[in-house]
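Chain order of the listed sequences is A and B. Take 22 as the starting number for the first sequence in my numbering and just add one per residue. Take 57 as the starting number for the second sequence in my numbering and just add one per residue.
The calculated label-pair distances, taken between Cβ atoms and stated as ranges, are:
#	chain 1	residue 1	chain 2	residue 2	range
1	A	D313	B	E154	42 to 52 Å
2	A	V38	B	S157	27 to 37 Å
3	B	T162	A	N156	32 to 42 Å
Keep in mind that the hints were calculated from the coordinates and are not lab data. All C-beta atoms in this analysis are idealised placements derived from N, C-alpha and C, irrespective of residue type, glycine included.
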Amino acid sequence: MYGDKAGREKIFPFDIVPRIVRWQEWTHVARGLEQRIRALNAFVADVYGEGRILKAGIVPEDLVRSSRGFRPRLVGVRPPRDVWCHVSGIDLVRHGDGALYVLEDNIRTPSGVSYVLENREIMKKVLPELFERANVQPVANYPNLLLETLTQLSDRRDPTVVVLTPGMYNSAYFEHSYLAQKMGIELVEGSDLVVDGDEVKMRTTRGLRRVDVIYRRIDDDFLDPKAFREDSLLGVAGLIDVFEKGNVALANAPGTGVADDKAVYPYVPKMIRFYLGETPVLPNVPTLVCWDDKERAEVLANLDKLVVKAANESGGYGMLVGPHATPDEREAFAKRIEENPRNYIAQPTLALSRVPTRVGGTFEGRHVDLRPYVLHGREIKVVPGGLTRVALRKGSLVVNSSQGGGSKDTWVLGPEGA
Amino acid sequence: MLSRVASQVHWLNRYIERAENVARFIDVNLNLMLEMDAAHQQWMPLVATAGDEAAFAARYKEPSKANVIRFLTFDASNPNSILSCLRMARENARSVREIISSEMWTQVNVSYLAVEEAVAKGNVLDDPRDFFARVKMDSHLFGGIMDATMSHGEAWHFGRLGRLLERADKTARILDVKYYVLLPSLEDVGSPFDDLQWQAVLKSASALEMYRKERRRRITPRDVADFLILSRDFPRSIRSSLATAEESLHRITGTPGHAFRNAAEKRLGRLRSEFDYLEIEDVFAVGLHEFLQRVLSEIRYVGDGIHESFFAPRAIPAATRREAPQ
Numbered sequence: 022m023y024g025d026k027a028g029r030e031k032i033f034p035f036d037i038v039p040r041i042v043r044w045q046e047w048t049h050v051a052r053g054l055e056q057r058i059r060a061l062n063a064f065v066a067d068v069y070g071e072g073r074i075l076k077a078g079i080v081p082e083d084l085v086r087s088s089r090g091f092r093p094r095l096v097g098v099r100p101p102r103d104v105w106c107h108v109s110g111i112d113l114v115r116h117g118d119g120a121l122y123v124l125e126d127n128i129r130t131p132s133g134v135s136y137v138l139e140n141r142e143i144m145k146k147v148l149p150e151l152f153e154r155a156n157v158q159p160v161a162n163y164p165n166l167l168l169e170t171l172t173q174l175s176d177r178r179d180p181t182v183v184v185l186t187p188g189m190y191n192s193a194y195f196e197h198s199y200l201a202q203k204m205g206i207e208l209v210e211g212s213d214l215v216v217d218g219d220e221v222k223m224r225t226t227r228g229l230r231r232v233d234v235i236y237r238r239i240d241d242d243f244l245d246p247k248a249f250r251e252d253s254l255l256g257v258a259g260l261i262d263v264f265e266k267g268n269v270a271l272a273n274a275p276g277t278g279v280a281d282d283k284a285v286y287p288y289v290p291k292m293i294r295f296y297l298g299e300t301p302v303l304p305n306v307p308t309l310v311c312w313d314d315k316e317r318a319e320v321l322a323n324l325d326k327l328v329v330k331a332a333n334e335s336g337g338y339g340m341l342v343g344p345h346a347t348p349d350e351r352e353a354f355a356k357r358i359e360e361n362p363r364n365y366i367a368q369p370t371l372a373l374s375r376v377p378t379r380v381g382g383t384f385e386g387r388h389v390d391l392r393p394y395v396l397h398g399r400e401i402k403v404v405p406g407g408l409t410r411v412a413l414r415k416g417s418l419v420v421n422s423s424q425g426g427g428s429k430d431t432w433v434l435g436p437e438g439a
Numbered sequence: 057m058l059s060r061v062a063s064q065v066h067w068l069n070r071y072i073e074r075a076e077n078v079a080r081f082i083d084v085n086l087n088l089m090l091e092m093d094a095a096h097q098q099w100m101p102l103v104a105t106a107g108d109e110a111a112f113a114a115r116y117k118e119p120s121k122a123n124v125i126r127f128l129t130f131d132a133s134n135p136n137s138i139l140s141c142l143r144m145a146r147e148n149a150r151s152v153r154e155i156i157s158s159e160m161w162t163q164v165n166v167s168y169l170a171v172e173e174a175v176a177k178g179n180v181l182d183d184p185r186d187f188f189a190r191v192k193m194d195s196h197l198f199g200g201i202m203d204a205t206m207s208h209g210e211a212w213h214f215g216r217l218g219r220l221l222e223r224a225d226k227t228a229r230i231l232d233v234k235y236y237v238l239l240p241s242l243e244d245v246g247s248p249f250d251d252l253q254w255q256a257v258l259k260s261a262s263a264l265e266m267y268r269k270e271r272r273r274r275i276t277p278r279d280v281a282d283f284l285i286l287s288r289d290f291p292r293s294i295r296s297s298l299a300t301a302e303e304s305l306h307r308i309t310g311t312p313g314h315a316f317r318n319a320a321e322k323r324l325g326r327l328r329s330e331f332d333y334l335e336i337e338d339v340f341a342v343g344l345h346e347f348l349q350r351v352l353s354e355i356r357y358v359g360d361g362i363h364e365s366f367f368a369p370r371a372i373p374a375a376t377r378r379e380a381p382q
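Chain B with its partners taken away, still in its complex shape (with noise of 0.2 Å):
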């Protein structure tokens, strides 16, 4: 298919997967935040996260709950905001109309639609919850009318591979939050209050009932760091998204499991196979926030080998060829 075809496909999906991490991201601090008082209130921590400080400095004053909600839900001139996410899906899914199922074409529309409309109306923040809870579940929406009603070809790989690179890369990103807000004290360290810290960061990645289910324990940030990290079975893991993202590339590619012929097939399997020989002792050794740094900037790795083997292939330069007779 044509390049340009499968990286609009691509990037239609990780739009709309960053948009939902986005409002989950802002749904952990909202959680995190509850139960703090205003002055120990932390909102930079989010923008840290997404690594826009600088962006947000050069429009915002004060890093406050309000203004970091704007920036990254409806500031369309930051391109990680909700609002510009799903602006991009929407032209993606629009160049692709004849290669996407008219449903998934509905489904962004409404979506972004339904994003502008609350940003018309300013009203967002008197209720964030709920806003932030319909665009995740607009997000699962489209996963689920993609897989249903697409044909599971080499588009679709490409789609699901751009989601689920980006819920690696997004789940990876809500779990370092945590690391930045810092605590009150010290004493809080393993205090319920810290405990209630864990469970919201589970809870954001809808990961709270699950990790009940497969641990059956009390929350402790070496469980649920090993349940977000190195789940095999939780859909959200970074494990568990990095290997269904390798399932998808070998289904375009052909190239038989264990082995590769590019660049993307290369990386993504020496990432995905680091995970299946890790324990998390393994990942607390080194510091979760630098394990979870090394994670971030592979999953770039790989996303620029996919771009560099399927959306950019060269012709050969002029200078290496036999000149043609005249």
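If we strip away everything but chain A, and leave its shape as in the complex, we get (with noise of 0.2 Å):
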């Protein structure tokens, strides 16, 4: 939903047709995302810790201290049982050799699990036989989960959590609201929260009152106008100095853009064999480095072929579909690249699989993706489900909502004979 000028939201289409994900195929994928989240966050840990991956020569330290989502002042900082990616969206695609790959890692503040639970609510109205007879895995305890996750990060009793906006004009406004309601927590504004002293208090007519633990759906840039940017309105001044004492819980922690960059993205399978000593369950796409000058020169010679994405942005703006651009737009992108190599990767152009959607009054193929979440509590929870987002636009491979894309219901059905 994007509000505009006039206060009137947009509207996030939904299609019809679910996605189907077999049992056996969730687990494999559960299991996948289980283990990507533990690496991340161990990356993350040893990033603002020891250093360990980084003095193993695994992954560049430069590539690590240059990326925009690293925060100097947050080394030494150690957040509650060492968990920094409390709600990460991992967004998986399926290949044309019929594989799940891991596209993007989405752990600073991704969003979209409200479309999940609301796209279920109106299913479930629609077609209520069907479901009845598919044994569909439920997401419908995702607020639940949510809190217990959040409600975990503080040792007080009975801790004051609450859910931390923009504000209403941000476009994910209606899914704050949304999970704050869902939790029965407040929703908080910047200016509703104030440091006293060394804690975080809110604002309430009966005074103010101490908060435990943030959901934050503010990025780390506009958290804290005394800790990064000074011009931050929606922040809340003094907040990382509350935080580094233990005194109050952010999820997720800030610093973790460190592991949603980009160009982190290609290292992840070697953070897997490194700190856990496994293999990983769920490949990567092939991924270029612009930042690497071998690389780099391939890119430039491939740009009609690949996916060039800048590494910092989301909601499919600043890249470029190789095979779907003018050379005119692939000579303009060739120069940003070679002005700013560090920002940018490339990929292959992934055949998205399509699945039946609702177009006019019949059904056609488009392309999809699937980002579900998972949360990192005690222990790490894997909602069946997700998001599946679908590109309307015949023949577009791109599916963020920002960019003409929709929403599916996506059905996780049972174990067979359930």
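With the hints as a guide, bring the two chains together.
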């Protein structure tokens, strides 16, 4: 939902045909996601801790330090239980070979889960009979799991947990409000919070009240004008000081953007081997990093075949789909890559799988991806299903809502015969 | 509850009540002017009553009927116009949608869009009575929906407190409009013509029928003022509005009646109790206009008290706190 000037909301189109994932495949996916989140979390903890993986030369230290998501002042900080990535959304795509690949790790403030819950509600209303027979794994428990994950971040009895939103003009405001309501906790804006001594407090009609856990849906940059961007009006001055003292928990912890960087993504399989000593369950999409001279040359020579993405953008902005671009567009993009190679990666144009989608009065195939959500509190939990995004324009490979995408309900079917 | 949320529910109600009462202002004047010839028509008093003369003078040359109605109804640059009030109400409602009922949101949205549409069509002046009746009815609908669909908890009481304070303020102003409307000549005082005007004032506060039931007398300035200021039972009288506002305030804090724990309770309690020991002769002794002006300033003072007590809790200033060891 995107607010415009007159305050009207735009609609995120919903397709009535559910996307089906079988149990056997789902258990495989869930195992892979759990493994990936364990490794990514270990990586973030390591980057702000001992830096073992950097010293071992497995992930280049320069690459990490030059990441826009890297927060030098957090080096040495240890959040509760060493968990940094509490809520993650991992984008998966199915390639022409039939296998599911990880396309992106969203571990800053991923959005979309409200659509998973709402789409399910719509489907239950529209197709109740089909639903009854299909043994679809439920997703409605997500707000409870999220609240449990957040509550576990505080050692205080009956901690006060809040959702921090940039406000109603933010494109994901509906989701912030929706989750706060479903969890039965306060939805606060930066101006509702104040640092009072060593604690964060919220302004209530009965005075200031201590806040223990903040599920923040504001980017690191805007979280605390004292610590990060000075011009931020959305954040809370002094919040990071309190976080560092351990008097407030932030989910996700600040600084996770370093593992959300698309130029760091190619190293995730190596992280899995390094930290867990395991073989990655879910493969990465082969990726060229423009930061590397050899790989950049390869990218520039093959711009007509590749998809190039900015390392620190999301929402489908700042990308080039080579085969669909004009020579002029490719030339302009080549210039941007050469000016700032650190900021670009390239991947082959994937033959994204298509699923039946209602178009006009009939059904046609449209390209999709899948974003399951992973919660990391005391343990890691994967919500069965996720947000299936569909590129509604014929032939389009871009599924982002800001670029003409829609969504579908995702049905993970229970074990056969159950 | 969050101060911001309480304040938004409070102001949502105030803005809706304000829009309703601006409609009433205009309505009273349409009534008063109906029997006057064009040379004696007076529309500036409406702007004066709202306290917006400077803003009006900056944008309009003539205080003509059309200009004044435009300014008070759909001038987006006037923050107190009906259009602006409903827009602000909608903005407030939008940011507390998880607190209010969805029926309330729908009602606010529908009322705003209706006014916006009327403005776009540009035909408000063709049939102003209809338009203002609609604005009033939408406000009543909102109040009814809020009472029937929202739990009567803290947020609801903040809302009702806002609505009733605004109503007390605006009833005072409606009564004051009459003061500003100079009579054509001195002989008209107490004439049938004057009676008609006082009747119009009552009508604009939706008070004519209730007045007749309670008083069963002819309409006199004294009795109209008595009714609109001091009636215990009429829900738009200043006294009744203040008493209900105080009830909500005490439900919010849990402070027993006739006691206070904060500035808002102290100020509202004092003002309301003054009304308990007031007779209309006392009002006329100081002058109706002077009395109403003082009441308006007291109501503003109560509003400030609510803001200080609930909406702007302050952190303990860093200077007065012992420095934490580094």
